[in-house]
Amino acid sequence: MGRESRLTERIKAANAAGRMAVVPYLPFGYPDRARFWAEFEAMDAAGADVIEIGVPFSDPVADGPVIEEAVNKVLEDGVTLAEIIAGLRTRAGTVRAGVVLMGYVNPFMQYGWERLADDAAAAGVHGFIIPDMPFEESGEVRGILGARGLDLIPLVGLNTSPERLAMYADGATGFAYFVSVLGTTGARESLPEEIFERLALARKAFSVPVALGFGIGAPEQARRFLGLADAVIIGSALVKHVGAGGSAKAFLEPFLK
Amino acid sequence: MNPTESGYFGEFGGRYVPELLMPPVLELTRAVQEIVPSEGFQAELKAALRDYVGRPSALYRCPNISKDLGLNLWLKREDLNHTGAHKINNCIGQALLTRMMGKPRMIAETGAGQHGVATATAAAMLGLECVVYMGAVDVERQAHNVRRMQLLGATVVAVQSGTKTLKDAINVALKDWIANQRTTHYCIGSVVGPHPFPQLVRDFQAVIGQEALEQFAARNMGGLPDAVVACVGGGSNAMGMFHAFVPHESVRLIGVEAAGSGEPGCWHSATLTKGTLGVFQGVRTKLLQTADGQIDPSHSIAPGLDYPGVGPEHAFLQSAGRAEYVCLNDDRALNGFFTLCRREGIIPALESSHAVGWVLDNPGLLPKGGHVVVCLSGRGDKDMGIVEDVLARQGGEGK
Chain A
1 MGRESRLTER IKAANAAGRM AVVPYLPFGY PDRARFWAEF EAMDAAGADV
51 IEIGVPFSDP VADGPVIEEA VNKVLEDGVT LAEIIAGLRT RAGTVRAGVV
101 LMGYVNPFMQ YGWERLADDA AAAGVHGFII PDMPFEESGE VRGILGARGL
151 DLIPLVGLNT SPERLAMYAD GATGFAYFVS VLGTTGARES LPEEIFERLA
201 LARKAFSVPV ALGFGIGAPE QARRFLGLAD AVIIGSALVK HVGAGGSAKA
251 FLEPFLK
Chain B
1001 MNPTESGYFG EFGGRYVPEL LMPPVLELTR AVQEIVPSEG FQAELKAALR
1051 DYVGRPSALY RCPNISKDLG LNLWLKREDL NHTGAHKINN CIGQALLTRM
1101 MGKPRMIAET GAGQHGVATA TAAAMLGLEC VVYMGAVDVE RQAHNVRRMQ
1151 LLGATVVAVQ SGTKTLKDAI NVALKDWIAN QRTTHYCIGS VVGPHPFPQL
1201 VRDFQAVIGQ EALEQFAARN MGGLPDAVVA CVGGGSNAMG MFHAFVPHES
1251 VRLIGVEAAG SGEPGCWHSA TLTKGTLGVF QGVRTKLLQT ADGQIDPSHS
1301 IAPGLDYPGV GPEHAFLQSA GRAEYVCLND DRALNGFFTL CRREGIIPAL
1351 ESSHAVGWVL DNPGLLPKGG HVVVCLSGRG DKDMGIVEDV LARQGGEGK
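Chains as they are written, first to last, in our numbering: chain A, 1 to 257; chain B, 1001 to 1399.
If you're looking for bench data, these hints aren't it; they were derived computationally from the structure.
For clarity, every value in this text was computed on a predicted model and none was experimentally measured.
Treat the hints loosely; a few may be bogus.
[Unchecked claim] In silico DSS-like cross-links for lysine-lysine, where the CA-CA straight-line distance does not exceed 25 Å: (1) Lys-240/A to Lys-12/A; (2) Lys-73/A to Lys-1164/B; (3) Lys-73/A to Lys-240/A; (4) Lys-1046/B to Lys-1103/B; (5) Lys-1274/B to Lys-1164/B; (6) Lys-1046/B to Lys-240/A.
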């Protein structure tokens, strides 16, 4: 093992300060390009530990209606992966937060994995979340990303068996993404009870921090997992808030306390 | 051939699904290995195909067109199956599997409604709850099929996301499967999606080619046809037709895709002829996409061919040079439709009309006096609305 991943480092620093790390998600170009970058910078300044940038794809099978609608809108505006990387490159070295690109296989594949890994590393990206790439399909990509010090964040959930948890945990870097529901992204009022037991199993399996995502929309909901998860990912609720004209910074502040 | 254990035909195939879907996908993979080959399953499937679907379907030599073309045109009459198309072969198989896996609920996507009707039919027959996802645009265009599904006891859900057509219906069906995997089987309608679906659906459709091979041999002194031809959207009727013939290398395998209106820059569904490699809806295959990897809308006058992806085994057969893929414009498919109506008294589905139309346009590419078997995958009653619109636009009777 080389030095610790920047993503792990950021999450551990938040934990050391006595709170769960906060990982906001916004699709690139939402609600428009200028506001996206303004919100990105504001979230970074507000102390977001890791920022997840959504790479838009026309057919997002792991996302619920809020994110899907946001993504359709930005695709109509013609946003591209190249543009995300270019925008990050101009900000490289100025961003405090860890940066993760979350997107589906096809746009990454068309960009070219080797070129993507080179360009993303140069632009200050630290990792990737690729929801339609399960362990079995990930070998080559993990190697290409790993060679540039980029983490491929594993996604696991309520129905991931101990055997599969172990598969993902072996050699995992950055953090692990624990999906709180058997479903798609989107804030929910209540989360299934079995989550506590399953989350504990995942936390035991991984040596990297475990972030809880899907369905988290309110700070009091997140606080229930203090000590059970190392980080919390906030997606749909934030997207909805920003889409309605609200500021991401104001939305995140109660989570950062 | 069979795919590798991880579901690859050469470089095509695989399982590009969220981890949350891996448990049901792996459960299905085991069921395909253990339940499908079992004696009990096979006996029940065989009986249902015979007594309920009406198999074997006829192999019919078209006397008039054969004379016109100077070759022997044979039709494998999947249009004569219960529900009027090949789709039922797969749905009966998957519905039996659903029941034997102990799941009470089956979901499906549908474009034009044919696979939805076939799924609703099989679910009714086996007492399974059935939900069919259909793009909102298609719900409007195919109101008649929506009512048929409802009559059969299925719930039809209009999908409002994306392009509101087939691909979006598949996205929503996949999401339902993630959420309800403990009780639900996803009965996918073509040889697409993550492994094991391309193999599973092909194996349920392979009865088409197996019967055609035996029927042809019985009537032609043990011989083989020179070519078999089938339309390709996702590719299930074509894969079903080709499978038994793949090892017989003297038989040309020809898949006909939909080229749309044929105007420069038009939307079409010619994935194998004009698409590029990518990953979409669980599988690595050829796709219609932009340079940035966004999926392009597709189009065909035949709603069942209107899909921007294609089964991975077709992409493999093409890359290996074992099958040829060509494409045909809407108006030449309509020529196939009208010719079969007028000359043979058979109203074909617009999908199957692509295969017929290609043979009518290209007899010179086939041996003179030779034998060509076309998969007539469905009947055309469902297409009366589209055909009436065409006739109204042309102000004629269709020539």
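Q) In ascending order, which of the hints set out earlier in this document are inconsistent with the structure? A) Of the numbered hints, 1 and 6 do not hold.
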